[in-house]
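Asker: Take a look at the letters that make up each chain.
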Amino acid sequence: GAGVSQTPSNKVTEKGKYVELRCDPISGHTALYWYRQSLGQGPEFLIYFQGTGAADDSGLPNDRFFAVRPEGSVSTLKIQRTERGDSAMYLCASSPMGGVAGELFFGEGSRLTVL
Amino acid sequence: SQQGEEDPQALSIQEGENATMNCSYKTSINNLQWYRQNSGRGLVHLILIRSNEREKHSGRLRVTLDTSKKSSSLLITASRAADTASYFCATDETGGYNKLIFGAGTRLAVHP
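First to last, the protein sequences are chains A and B. Under my numbering, the first sequence is numbered contiguously, ending at residue 117. Under my numbering, the second sequence is numbered contiguously, ending at residue 115.
Think of the hints as simulated: they come from the structure by calculation, not from any bench. Since this is a predicted model, take the numbers as computed values, not measurements. Check before you lean on any hint, since a few could be wrong.
[Stated by the list, open to error] Chain A side only, calculated, beta carbon under 10 Å to chain B, not exhaustive:
| no. | residue |
| --- | --- |
| 1 | V6 |
| 2 | S89 |
| 3 | E110 |
| 4 | L117 |
All C-beta atoms in this analysis are idealised placements derived from N, C-alpha and C, irrespective of residue type, glycine included.
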């Protein structure tokens with residue numbers, strides 16, 4: 003009964019570098035979400051997958067951000083040409099159902115620091 | 004963008020006291036959820052209340068929902084030091100794509 007797993011837990015990078023953050027959802031969960039949380043703020047929606055497809059990517063801030071979920075399980079959030087403003091906690095969550103939202107199961111997050 | 008707004012932003016109480024947090028939102032919803040987050044950790048689901056429900060209980064938690072006022076409250080009774088955390092409300096907009104929109108949270112500190 004493993005929960006949502008996110009790696010790395012911490013990532014420090016330099017401005018302009020490329021970063022990948024990985025999320026391994028709970029087995030059998032079809033819905034997967036990425037959120038970004040700045041210090042002292044609530045989680046901000048980035049993208050939602052139902053199966054392999056991105057059902058809603060309206061929260062991605064710009065074209066430097068991209069996420070994939072090629073086999074409907076593990077997802078990778080990719081950030082190109084990182085900027086200092088990208089520094090935040092990136093949270094992944096999964097849910098067993100589509101349709102009306104139920105409980106989300108969150109991972110422990112990946113803290114990204116861009117120097 | 005954030006749908007919910009929690010009030011107060013921060014709350015400091017003594018062990019044994021009750022803690023009440025409020026949440027307001029803007030659009031029609033299917034349900035409203037409350038989550039807890041310990042510092043630097045992921046969020047943990049506490050309770051879900053559907054739009055056709057007015058009150059729900061879970062252990063020491065009591066949640067109310069007033070859809071006419073677009074507001075909800077979370078009451079934690081007989082608080083403990085271990086309840087110290089941030090608490091967030093999250094809403095699922097009617098007709099939305101199943102995504103939850105979170106508020107900015109209430110930071111609760113319970114002192115022994």
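Asker: Decide, hint by hint, whether the structure agrees.
Answerer: Structure-based check of each hint:
no. : hint : in the structure
1   : V6   : 8 Å, holds
2   : S89  : 14 Å, violated
3   : E110 : 5 Å, holds
4   : L117 : 19 Å, violated
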